[in-house]
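Engineer: Which chain is which? The protein sequence lines are E and A, in order.
For the first sequence, my numbering begins at 1 and goes up steadily by one.
For the second sequence, my numbering begins at 1 and goes up steadily by one.
Keep in mind that the hints were calculated from the coordinates and are not lab data.
Errors might be hidden in some of the hints.
[As the list claims (entries may be wrong)] Short, incomplete list of chain E residues facing chain A, as computed with Cβ under 7 Å: (1) 157; (2) 229; (3) 230; (4) 234; (5) 240; (6) 297; (7) 486; (8) 489; (9) 491; (10) 494.
Beta carbons are placed, not taken as given, at the ideal position from N, Cα and C, and that holds for glycine.
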Amino acid sequence: MKRASALTLAALFLLPSLTVLGGCGAKEKATVLRIYNWEEYIDDGGEGALLYDELHLTDENGESVPSDLIDGDYLDWYRETMGVELSDEGPELLDDFCLWYEKEYGTPISVEYSTFGTNEDMYNEIVLGNEYDLLCPSDYMIMKLAAEGRLEPYDESFFDESDPNNYYVRGVSPFIRDKFANNAGLDSTEYLWKDYAAGYMWGTTGFVYNPALVQPDELASLGWKAFTSEKYKGKITAKDNVRDTYFAALGVTYQDELLALDRSAEGYSKELTRIFNATDDGTIEEVEPTLMAIKDNIYSFETDTGKADMVSGKIWLNYAWSGDAVYALTLAESDENEEGEAEGSVLLNYYVPESGTNLWFDGWVMPKGSNKQAAQAFVNFLSMPNNAMRNSYYIGYTSAIAGENNEMLAYADYLYGEEESDTTTTYDLSYFFYGEGTEGLATIVADEEQAACRQLFAQFPPSEVIARSAVMDYYGEEANVRINELWSRVKAETLDAWAIVVICVTVLAIAAFIVFVKFGGKIDFFRRKPKKGYTLVKQEPLR
Amino acid sequence: MKIPRFSRKTLCVPYAVFLLFFVIIPMLIILFYAFTDKEMHPSFSNFIRFFSDPTKLSTIVYSLVIALITTVACLVIAYPVAYILARSTLKKKFVILMLFVLPMWINFVLRVNAIRELFNLLTSLNGMEWLAGANYFKTVFGMVYDFLPFMILPLYTTMLKIDNSLYEASADLGGNAFTTFTRITVPLSMPGIMSGVTMVFLPSMTNYVVSDMLGNAKVTIIGKFIYEYFGTDWHMGSMVALVLLIVVFVSTWLSGGFKSEENVRGTNL
Numbered sequence: 001m002k003r004a005s006a007l008t009l010a011a012l013f014l015l016p017s018l019t020v021l022g023g024c025g026a027k028e029k030a031t032v033l034r035i036y037n038w039e040e041y042i043d044d045g046g047e048g049a050l051l052y053d054e055l056h057l058t059d060e061n062g063e064s065v066p067s068d069l070i071d072g073d074y075l076d077w078y079r080e081t082m083g084v085e086l087s088d089e090g091p092e093l094l095d096d097f098c099l100w101y102e103k104e105y106g107t108p109i110s111v112e113y114s115t116f117g118t119n120e121d122m123y124n125e126i127v128l129g130n131e132y133d134l135l136c137p138s139d140y141m142i143m144k145l146a147a148e149g150r151l152e153p154y155d156e157s158f159f160d161e162s163d164p165n166n167y168y169v170r171g172v173s174p175f176i177r178d179k180f181a182n183n184a185g186l187d188s189t190e191y192l193w194k195d196y197a198a199g200y201m202w203g204t205t206g207f208v209y210n211p212a213l214v215q216p217d218e219l220a221s222l223g224w225k226a227f228t229s230e231k232y233k234g235k236i237t238a239k240d241n242v243r244d245t246y247f248a249a250l251g252v253t254y255q256d257e258l259l260a261l262d263r264s265a266e267g268y269s270k271e272l273t274r275i276f277n278a279t280d281d282g283t284i285e286e287v288e289p290t291l292m293a294i295k296d297n298i299y300s301f302e303t304d305t306g307k308a309d310m311v312s313g314k315i316w317l318n319y320a321w322s323g324d325a326v327y328a329l330t331l332a333e334s335d336e337n338e339e340g341e342a343e344g345s346v347l348l349n350y351y352v353p354e355s356g357t358n359l360w361f362d363g364w365v366m367p368k369g370s371n372k373q374a375a376q377a378f379v380n381f382l383s384m385p386n387n388a389m390r391n392s393y394y395i396g397y398t399s400a401i402a403g404e405n406n407e408m409l410a411y412a413d414y415l416y417g418e419e420e421s422d423t424t425t426t427y428d429l430s431y432f433f434y435g436e437g438t439e440g441l442a443t444i445v446a447d448e449e450q451a452a453c454r455q456l457f458a459q460f461p462p463s464e465v466i467a468r469s470a471v472m473d474y475y476g477e478e479a480n481v482r483i484n485e486l487w488s489r490v491k492a493e494t495l496d497a498w499a500i501v502v503i504c505v506t507v508l509a510i511a512a513f514i515v516f517v518k519f520g521g522k523i524d525f526f527r528r529k530p531k532k533g534y535t536l537v538k539q540e541p542l543r
Numbered sequence: 001m002k003i004p005r006f007s008r009k010t011l012c013v014p015y016a017v018f019l020l021f022f023v024i025i026p027m028l029i030i031l032f033y034a035f036t037d038k039e040m041h042p043s044f045s046n047f048i049r050f051f052s053d054p055t056k057l058s059t060i061v062y063s064l065v066i067a068l069i070t071t072v073a074c075l076v077i078a079y080p081v082a083y084i085l086a087r088s089t090l091k092k093k094f095v096i097l098m099l100f101v102l103p104m105w106i107n108f109v110l111r112v113n114a115i116r117e118l119f120n121l122l123t124s125l126n127g128m129e130w131l132a133g134a135n136y137f138k139t140v141f142g143m144v145y146d147f148l149p150f151m152i153l154p155l156y157t158t159m160l161k162i163d164n165s166l167y168e169a170s171a172d173l174g175g176n177a178f179t180t181f182t183r184i185t186v187p188l189s190m191p192g193i194m195s196g197v198t199m200v201f202l203p204s205m206t207n208y209v210v211s212d213m214l215g216n217a218k219v220t221i222i223g224k225f226i227y228e229y230f231g232t233d234w235h236m237g238s239m240v241a242l243v244l245l246i247v248v249f250v251s252t253w254l255s256g257g258f259k260s261e262e263n264v265r266g267t268n269l
C-alpha cells in the first residue's frame with residue numbers, strides 16, 4: 001500500500017515533465033522531430049506575421065473577416081494543404097507542419113523546437129552530444145560540420161523532381177541551387193554543399209545609413225573605409241564577432257586592390273573570394289592595425305543594438321546583415337507617434353561597398369543519427385512557396401526559395417511593385433529565378449529609390465551586387481586560433497610589458513604585506529600600543 | 001504510520017551529491033581541459049600561451065582595476081547609508097532599506113538596458129557629449145549600480161547588531177565622534193565590510209553583460225574572454241577560467257573570507 005502511494009506520488013511529480021513536449025501537442029507514439037534553429041528565425045505566428053495581419057481584418061461591426069492574399073485563394077490552398085480550416089488564432093507554422101505531415105504521410109508527428117544565438121553555441125551543443133534532427137547553421141559552420149563528418153547527406157529521393165511533395169528541389173532558386181552545387185566558388189572543401197545542406201535564407205552584408213546625416217556620394221567614395229573615416233568617428237558600428245569584423249577589415253585594408261581588379265576578367269570572382277578569405281600571417285599582420293583603427297573610430301561593437309540606435313539617430317551607419325537592414329528600414333519608417341501619424345519616421349538606406357561584399361547562406365543540415373525522413377519533409381514543407389513567404393515576411397530575410405512557378409516573384413511584386421511612372425524603374429531579378437547570366441526574364445516595376453538603396457535592394461540584391469560578393473570560408477583549426485588571438489588583441493587593451501611587471505610586483509608586495517599582517521600578529525590597526533608604563537591586558541574580543 | 005527518522009549523516013547526502021556533481025566534478029573538468037590540447041593529450045601549451053600573452057595579462061589587470069574601483073565606490077556609497085539606517089531611530093527604516101534593495105527584484109538585463117537608455121539621453125544633452133566615448137566610466141557606473149545592494153545589506157545587518165551600550169561607553173569614557181567611529185563602528189562592522197567586498201569584487205570581474213552593453217563592447221573584462229573562448233577553444237577558455245579562479249581564491253583568502261568564526265554572520269542576505 002505504502003509503495004503504491006509512493007509510486008502515485010512519483011507519477012504526479014513526473015507528469016508535468018511528460019507534457020512539456022513543444023510544437024504540436026504530444027500525441028501518442030508520435031514521431032518527434034527535433035529542430036534546432038536561430039532565435040527569431042521562423043514565423044511563429046506572433047505579432048507582425050503575414051497571414052495573421054492579412055487574413056484577420058475586422059469589418060465595421062468588429063467581426064473578423066478573412067481577406068485575400070496576393071492571388072486570393074490562400075484559404076483554399078490552406079484547406080487543401082493542411083486538411084483543416086484555418087483557425088481564428090492565426091496560423092502557426094510548426095502546427096501546420098504537423099497537420100500537413102500527418103495528412104501526407106499518415107503518421108502523427110510532433111516537433112521539439114529549440115533555438116540558439118550563435119553558430120558556436122550550436123556547434124558546442126552538437127559536440128556535447130545533444131541530438132537533433134535538423135539544424136540551421138551558416139555557410140562556414142556547414143563546412144566545418146561536414147568536414148568533421150558530423151552530417152548526414154540528403155537522400156537521393158529528396159532530389160526527385162517528380163515527387164510533388166519535394167517542394168525544395170522543385171522550388172529552390174536556380175541561383176541558390178548552383179551556389180550549393182559548386183560550393184559558391186570556394187574550392188577548399190572536397191564535398192559538395194548540396195549533398196549536406198538545403199538553403200533556407202541568404203543575403204549580403206552592408207551599411208544601413210541615414211541619408212539625412214550621411215551623404216550617399218561621400219559614403220560611396222569611401223566604401224569600406226567608412227569604418228576608419230574621421231568623418232564618422234563615433235557614429236558607426238561594427239559587429240561584435242570576429243568573422244564579420246575581420247571580413248570588414250579585409251575590405252578596408254585591400255579596398256584599392258579590390259577596386260583595381262578587372263570585373264570582366266574570368267578569374268575575377270575567384271580572386272575576390274581569395275582576398276576576402278586570406279588568413280595567412282602576412283594578411284593578419286596587415287589587417288591588425290586596420291582593426292585597431294576600426295575600434296578607435298567606431299561607436300560600438302554590437303550584435304543587436306544597432307537597429308535601435310539607427311532609428312534613434314545616435315549612430316549614422318550600422319554594419320548589418322541584409323535581413324536586419326530590411327527590418328531596420330521598415331521599423332524606422334513605420335515609427336508612428338501616438339496619433340498614428342508617421343511623424344517620428346526616419347528614412348534609412350542600405351549600401352553595399354563597391355569593392356565587394358559578403359554573400360552568406362543559412363541552410364538546413366541533418367546531424368548524424370537524425371530522423372532523415374521527417375527532417376527532409378520539414379525542409380520541403382518550409383519550401384512551399386506560401387510558407388517561404390510567411391517566413392520571409394516575418395523575419396525580413398530573403399528565402400532561398402523561388403517557387404515552382406516563381407511565386408516569390410509575385411511576392412516581391414506584391415511588396416515592392418508599383419504602377420509604372422517617372423519615378424519607377426525595371427528591376428531585374430532574373431539571376432535569382434532563372435539562374436546567373438540570364439536577363440529580362442523576371443522583372444518587377446519598382447520605385448527608383450527602392451531599387452537603388454532601400455528594402456528591395458537589401459532583400460533582393462541585383463545581380464551586379466551578387467557579382468562582387470564573396471562567400472566566407474571556414475578558416476580551419478590552425479588559422480582559427482591565430483584569428484581568435486588577433487581578435488582578443490583587438491578587443492582588449494594591451495599594456496606595455498613594463499607596466500604589467502610593475503603591477504604584478506605591486507600586487508605581490510601588497511599580498512606579502514597582508515600575509516605579514518595576518519601571521520606576523522604584531523601590527524594591529526585598531527588598537528593603539530599601550531603607553532609607556534602600562535601593560536596590555538589580553539582581552540576577549542567584543543561581541 | 002511510523003515517522004521516518006533521518007540521521008544527520010543521511011540529511012547531508014543531498015547536498016553532498018549536489019556538491020559532487022555541480023562543484024567538484026565541474027572543477028575537475030575545467031582543470032582537465034586547461035591542461036590538455038585539442039587531441040586531449042596532456043599539455044602545458046595553454047598555460048604557456050596565457051602567461052606569455054600580454055593581452056590576457058593586461059585584461060586581468062584591467063578587470064582587477066575595474067573591480068577594485070567598483071568595490072571602493074560601492075563601499076563609499078553604502079557605508080554611510082548603512083550606518084545612518086542602522087543607527088537612526090526612524091520608524092520606517094524598513095521602507096528606506098527596501099528602496100535600496102528593490103532594484104534587485106527587477107531583472108538585471110532590464111536594469112542595465114534602462115541605464116543604457118539614460119546614458120543615451122544624457123549624451124544628447126549639451127556639454128555631455130564626452131559621455132559617448134566614456135566607456136570605462138559607464139561600465140564602472142553600471143557595475144556600482146548593479147552591485148550596490150550587495151554591499152548595503154551585509155553592512156546594514158552587521159551594524160544593526162552593534163550593541164548601543166558600546167557607543168554609550170565610548171561617550172562616557174570621553175571618546176569623541178571620530179574616536180567612536182574608528183574604534184567601535186569600523187572594527188565591529190569589519191565582517192560586513194568583508195562580506196560586502198567579496199560579494200561586489202568577485203562578480204564585477206566577470207560581469208561582461210555590463211561592459212558589453214554600457215561599454216559598447218569596447219571594454220573587455222576577463223569574463224568576456226572566457227565566454228568568447230568557449231565558443232571556439234574550450235581548452236584556452238578553461239585555462240582563463242582557472243586563472244580567474246586562482247585570483248579569486250587568493251583575494252578571498254587574503255581578505256579573510258575563509259575564517260570560520262563569527263565573521264560569516266554578516267553574509268546573511
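Engineer: Hint by hint, say whether it matches the structure.
Structural biologist: Outcome of the hint check:
Contact between residue 157 of chain E and chain A, as hinted, is not supported at the beta carbon level, the nearest pair being about 36 Å apart and thus beyond 7 Å. For residue 229 of chain E, the interface hint is violated, since its Cβ never comes within 7 Å of a Cβ in chain A; the closest pair sits about 17 Å apart. The restraint placing residue 230 of chain E at the interface with chain A is violated, with a minimum CB-CB distance near 14 Å, outside the 7 Å limit. Interface restraint check: residue 234 of chain E against chain A, minimum CB-CB distance 6 Å, threshold 7 Å, status holds.
Annotation: residue 240 of chain E was flagged as interfacial toward chain A, and the flag holds, the nearest CB pair being 5 Å apart, inside 7 Å. Given hint, residue 297 of chain E at the interface with chain A, is violated; its Cβ is 11 Å from that chain's nearest Cβ, farther than 7 Å. Annotation: interface hint on residue 486 of chain E violated; nearest CB of chain A at approximately 10 Å, more than 7 Å. At a threshold of 7 Å, the smallest CB-CB gap from residue 489 of chain E to chain A is about 5 Å, leaving the interface hint in force.
With a cut of 7 Å, the hint placing residue 491 of chain E at the interface with chain A holds, because the nearest CB-to-CB distance is about 5 Å. The criterion of a C-beta within 7 Å of any C-beta in chain A is met by residue 494 of chain E, whose closest approach is roughly 5 Å, and the hint holds.
Checked against the numbered hints given earlier, the structure breaks hints 1, 2, 3, 6 and 7 and satisfies all the rest.
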